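S.K.: One-letter residues, chain by chain:
Protein chains: 2
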Amino acid sequence: MIEHLLTLDARDPLAHKRAEFTLPEGVVYLDGNSLGAMPRAVPDRLARVLHGEWGEALIRSWTAGADRGEDWMALPDRVAAKVARLIGAQAHEVAVGDSTSVNLFKVLAAALHLNPDRRVILTDAENFPTDLYVAQGLGELLGRGHELRRVPAREIAAQLTPDVAAVLLTEVDYRTGERLDMAAVTAAAHAQGVLTVWDLAHSAGAFPVDLRGAGADFAVGCGYKYLNGGPGAPAFVFVAERHLPHAPTALSGWMGHADPFEMERSYRPAENARRFVVGTPQVLSLSALDTALDVFEDVNLGDLRAKSLSLTDTFIELMAPLGERFPLTLATPLDHARRGSQVSYRHPDAARVMARLTGRGIIGDFRTPDILRFGFTPLYHSHLDVARAVLGVQAVLEEQA
Amino acid sequence: MIEHLLTLDARDPLAHKRAEFTLPEGVVYLDGNSLGAMPRAVPDRLARVLHGEWGEALIRSWTAGADRGEDWMALPDRVAAKVARLIGAQAHEVAVGDSTSVNLFKVLAAALHLNPDRRVILTDAENFPTDLYVAQGLGELLGRGHELRRVPAREIAAQLTPDVAAVLLTEVDYRTGERLDMAAVTAAAHAQGVLTVWDLAHSAGAFPVDLRGAGADFAVGCGYKYLNGGPGAPAFVFVAERHLPHAPTALSGWMGHADPFEMERSYRPAENARRFVVGTPQVLSLSALDTALDVFEDVNLGDLRAKSLSLTDTFIELMAPLGERFPLTLATPLDHARRGSQVSYRHPDAARVMARLTGRGIIGDFRTPDILRFGFTPLYHSHLDVARAVLGVQAVLEEQA
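From first to last, the protein sequence lines are chains A and B. Quick note on the numbering used here: the first sequence kicks off at 1 and runs consecutively. Quick note on the numbering used here: the second sequence kicks off at 1001 and runs consecutively.
Just so you know, these hints were derived from the structure itself, not from any lab. Careful: at least some of the hints might be erroneous.
What the hints assert, rightly or not - Pulled a few chain B residues facing chain A out of the computed Cβ check, cut under 8 Å:
| id | residue |
| --- | --- |
| 1 | S1034 |
| 2 | L1050 |
| 3 | H1051 |
| 4 | G1069 |
| 5 | A1233 |
| 6 | H1257 |
| 7 | M1263 |
| 8 | P1281 |
| 9 | M1319 |
| 10 | L1322 |
| 11 | F1326 |
What the hints assert, rightly or not - To be clear about the criterion: a stretch of chain A counts as covered by chain B if any three or more of its residues have a C-beta under 8 Å from a C-beta of chain B, and this derived list gives those stretches:
| id | segment |
| --- | --- |
| 12 | 91 to 101 |
| 13 | 341 to 353 |
| 14 | 362 to 368 |
Source: prediction; values computed, not measured. A virtual CB, placed ideally from N, CA and C, is assigned to each residue, including glycine.
Just chain A, same shape as in the assembly:
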């Protein structure tokens, strides 16, 4: 078996990417879907931003080096272009900044505006909490009787009724790792006049996303999971080109203005998705994300997906014998088309199992109520790492038995 894994690793076209990350000694880090590992080039970039751009050039850095793509002013746009490639978007359809939650507010508000006669936001009952909270908060703010209708994911298609303005879904379920069929759901939604808002938190950087191919309307996503942008990295927002001329920016700030330093008295939004940048970007965090995205530059996204599936297949296969001896239930679909880049198991004592695993340097995470979650990052995991992780799980379960 180990020989087979070593062969897979030897043939891995992404094996060289591991050297571009800093990872702690003796740890198998399977939580890149919560916080991606640090790309090695980030500290040098931050040192340059701190000493050179902030400390030395100071205010001039907002515009200096614009011709070399080094000004802070256009930094959000440069980062957006790098994200666009990973999610199947055009650069002018993407903006980077703020948090996923705040960005979700922007696009949900735009979607409701574009579908003014409908009052329902349809969502997966098990969607990530902040998505639910944001929709709730927006509905209450609008005070026009919007309803957040939460139904099981498998019933979404059946619930696309004529009162639904927008359907809000996370493409990959944060607990089970189940991936929805974005193209099919989007088509079904459009057939009923429903706009789609996709949360790509567990998709972007994990596998190629094809927003344009799927015909998606709006999307948001996270910079600090598979994009490895650092803790709380700026998030992104996608607005399909066809909606750009009509999508209002509920959060209208000077950095989304067509000409910020003209300081006009009236808001005139930038023509492209830049209008969804609001206030001054957090340049230190944004610079880290910018450098982190460079890791993807020479990565073929087909290779990324193939390796991700190979890693998760391997994990599921090696874990199978443990499922016969211990109360472990696979929560992740076996079908490749329905799988993200993580594998989850239910276990009645999941919190304690994960605490012990972490103690042994196998870092995944626990999600209430009973989920053991293991994220696989094709850029820095080998098949041998997978085997190490399974040995750790086995040791913990045997200890506990």
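For chain A, the structure is supplied; the task is to place chain B on it using the hints.
M.R.: Only chain B this time, still in chain A's reference frame:
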């Protein structure tokens, strides 16, 4: 004259603070009200966050070291407590995160909610553009006929009519440096049932602000000007204790939830201002701000104000003779009570004058249409710096004549 300035510098109780900042050689940096200089301790802090917290401890840093005040989870609260002292607030009335623009949206939305029968947001016609844009965007989103009424600052008191829900003012005008009387305006507003929303962009860290003393309702402010938190540093938001139980968070995210990791399906806001933290904080930028605020720890805010006035008085005095030879008009009030920590002049060719000044290492900034703006930061300027700046202005004006 120079002897007098040297005497003032020798007696300056804040003189030792200069050594805590990195400033470029040969430059007099008078733009700390646009981007504060870098505190020397920031790069080391960022290196620890990058290598130790992100690179090595990874996801564990969210909770690790909570007993020593080192966890990321409570980082926004620790930073909020440091800001609170500078603005005359209690720690639980302040939240830190997002941008000034986004924070303004939150508190304006809360103010309109608390004054539901009124439809006017009253503001200074010359308020900073992003404040106007945010109010515009919120009004359009609500779609309930809110009006953004822009009047000259001196007419604000007369315009506090019964249709006004909230008055939105920047305490210190970003162009003229004129400071409003927060306590008087707030009292006048309250007498008419109007809530106050203060933008402290040019106040916090420049002089002691007394939000509680003034009876202010809401405030926002900037982390990257006088607080020296770095480019695009996280901003802050203040909600008076009496409003906390009733102020809704239009932007409801998981990091403002009473128990984020419980992942409840319904939003239940934190009891204190933490509810105004929305998504995951940008930890790199927030850590820089945290360290930057430590510079204030041993600073008496009375000393800060006294030195600021001494610096601006000196500048105005030394510039006076130039006003007789060149078309310079002082735009900043002579009255101390009406002055922030900057001095501005109008000049018909202001943009070119500032470009030449910057070329000589005297960095202030130009604001449309004709403003030369010089910001004074009592933590890192000496009276000798003021004299150097004036000599630079003189040289440029003589050159141009």
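S.K.: Does each hint hold? Answer for all of them.
M.R.: Verification of the supplied hints:
At a threshold of 8 Å, the smallest CB-CB gap from S1034 of chain B to chain A is about 5 Å, leaving the interface hint in force. Interface hint status for L1050 of chain B: upheld, as the beta-carbon distance to the closest one in chain A is roughly 5 Å, under 8 Å. Taking 8 Å as the C-beta cut-off, the interface hint given for H1051 of chain B holds, the closest approach to chain A being about 7 Å. Using the Cβ-Cβ criterion of 8 Å, the hint placing G1069 of chain B at the interface with chain A is not satisfied: the shortest such distance is roughly 17 Å.
For the restraint placing A1233 of chain B at the interface with chain A, the shortest Cβ-Cβ distance is roughly 7 Å, inside the 8 Å limit, so the hint holds. Satisfaction of the interface hint for H1257 of chain B is found here, the shortest Cβ-Cβ separation to chain A being roughly 7 Å, below the 8 Å cut-off. Residue-level restraint check for M1263 of chain B holds (minimum Cβ-Cβ distance to chain A is 5 Å; threshold 8 Å). Using the Cβ-Cβ criterion of 8 Å, the hint placing P1281 of chain B at the interface with chain A is satisfied: the shortest such distance is roughly 5 Å.
At its closest, the beta carbon of M1319 of chain B sits 21 Å from a beta carbon of chain A; the interface hint therefore is violated under the 8 Å criterion. Interface hint at L1322 of chain B: violated, since its Cβ lies 24 Å from the closest Cβ of chain A, which is beyond the 8 Å cut-off. A distance limit of 8 Å between C-beta atoms decides the matter here; for F1326 of chain B the minimum to chain A is near 25 Å, and the interface restraint is violated. With a threshold of 8 Å between beta carbons, the proposed coverage of the segment 91 to 101 of chain A by chain B holds, since 4 of its residues qualify and at least three are required.
For the segment 341 to 353 of chain A, the assignment as covered by chain B is violated, since 0 residues bring a beta-carbon within under 8 Å of that chain's beta-carbons and 3 are needed. Under a criterion of three residues with beta carbons nearer than 8 Å to beta carbons of chain B, the stated coverage of the segment 362 to 368 of chain A is upheld, 4 such residues being counted.
The earlier numbered hints that this structure contradicts are 4, 9, 10, 11 and 13.
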